[in-house]
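Those protein sequences? They're chains Z and R, same order as listed.
Each residue of the first sequence is one higher than the one before, counting from 307 in our numbering.
Each residue of the second sequence is one higher than the one before, counting from 206 in our numbering.
Note that these hints are calculated values from the structure, not bench results.
Check each hint, because a few of them may be wrong.
Chain R is faced by these chain Z residues, among others (derived, beta-carbon under 10 Å) [unchecked claim]:
1. W329
2. W356
3. N364
4. L376
5. S416
Every value quoted in this text rests on a predicted model; they were computed, and no experiment measured them.
Yeah, the Cβ is synthetic: ideal placement off N, Cα and C, and Gly gets one too.
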Amino acid sequence: MAFRPIATTRSATGMPTGRLAIWWLIVSEIVIFGGVLASYIMHRIGHPEWAYQAEHTNLVAGSVNTIVLLTSSLLAVLAHNAAEMGDGKKAAKLFVGTILGGLVFLVIKSFEWGNEIAHGYTITSSGFWAFYYTAAGIHGTHVLVGMIVMGFVAYDAWHGRELQRIEFAGIYWHFVDVVWIFLFPLLYIAS
Amino acid sequence: MSGDAHHDHAHAEHHDHSKFYIKVWAALFVLFLISVFGTLTPWFFVTIIVGFGIALVKAYLVVRYFMHVDIEKPVVHYALIAGLALMVLFFAAVSPDVLNHEGSRWVNVAARAEMERREAAHAAGEGGHHEAAPAAGHEAPAAEAGH
C-alpha cells in the first residue's frame with residue numbers, strides 16, 4: 307500500500323480533508339477578489355466619468371468568454387458526475403474539455419488586451435483601466451493555475467487514481483466562473 | 206478515513222445527473238442572453254439592475270448546483286459567510302472616503318481634478334479615447350493626480 311500523509315486520511319470535521327481544504331482556499335479567494343471588486347465598485351460609483359472609458363471595453367469578447375467559461379464549468383461538473391460513477395477515463399476526457407475552455411478564454415483575452423493596449427488603453431491610462439487590468443489579470447492567472455492543476459488531476463483520473471480530486475478541482479473552477487459572472491457586468495455592461 | 210468511506214458510499218448510490226446539469230447550463234445561458242440584451246435599453250438604471258440582478262441569480266445557480274454548497278457541512282457555510290462578511294466590512298469602512306470627495310474638514314483634490322479633467326476631455330470629444338499610444342509625459346501627471 308502506498309504511503310499517504312495522515313492529513314489526507316484524517317477528518318476532524320466529518321468531511322474529506324481535501325474538500326475542506328478547497329473550501330478554505332475559496333474563502334481566502336473571496337477575500338482577495340471581494341477586496342478588488344468592492345474597491346472597483348466604490349470607485350466606479352465615486353467616479354461617474356469612468357463610464358466614458360468603460361465604453362471602450364469589448365462587449366463581444368467579454369460575452370464570448372462568458373459563454374466559454376459557463377460551458378467549461380458544465381464540463382467540470384459532468385466530469386465530477388462521471389467520477390462519482392467511478393468512470394475515471396470519462397472524467398479525464400471531460401476535464402480536458404474544461405482545460406481547453408480555459409485555453410480559449412485566455413486566447414480571447416490576450417487578443418482583447420492586445421487590441422486595447424494598441425489603442426493606448428494601458429494599466430497606467432486611468433483608474434478605470436488600472437482596475438480593469440488588475441481584476442481581469444488576477445482572474446486570468448487563476449484560470450491558468452486551474453488549467454495546470456486540472457491537467458495533473460485528469461492524468462491521475464485517466465489511470466483511475468484519486469477520483470475525488472475531480473470534485474475538488476471542479477469546485478475551484480466553478481468559483482473562478484462565479485468571479486467572472488460578477489466581473490462581466492462590472493467591466494463590460496456598466497458603461 | 207471517514208471521508209473516504211463517505212465517498213465510497215456515495216459512489217455506490219450515485220445516479221447519472223448529466224441531464225440536470227445540462228438544464229442548469231441552459232438556464233445560465235438564457236440568463237446571460239437577457240443580461241446582454243439588457244444593455245441595449247436606453248435606460249442606465251435598467252441596465253444595472255438587469256446586469257447585476259442576473260449575475261446574482263447566475264452565481265446562485267453555479268454555487269448551488271455545480272459546487273453543491275447546499276450539501277456541505279455547516280463549517281463550510283460559516284467559512285463562506287465569514288469571507289463575505291469581511292468583504293462587506295471592508296466596503297462599509299472604506300467607501301465613505303471613496304464615494305465622497307469632500308467632508309466637513311477635508312477635500313480630495315486629486316479625485317476632483319481627475320473628474321474635471323476626464324469630463325473636460327469627454328466634452329472636447331476625446332472621450333478618453335487614444336487613437337495612438339499616449340506619450341508617457343502626457344498621461345502620467347493625470348494618472349498621479351487622480352489616484
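Evaluation of the provided hints:
no. : hint : verdict
1   : W329 : 5 Å, holds
2   : W356 : 8 Å, holds
3   : N364 : 13 Å, violated
4   : L376 : 5 Å, holds
5   : S416 : 18 Å, violated
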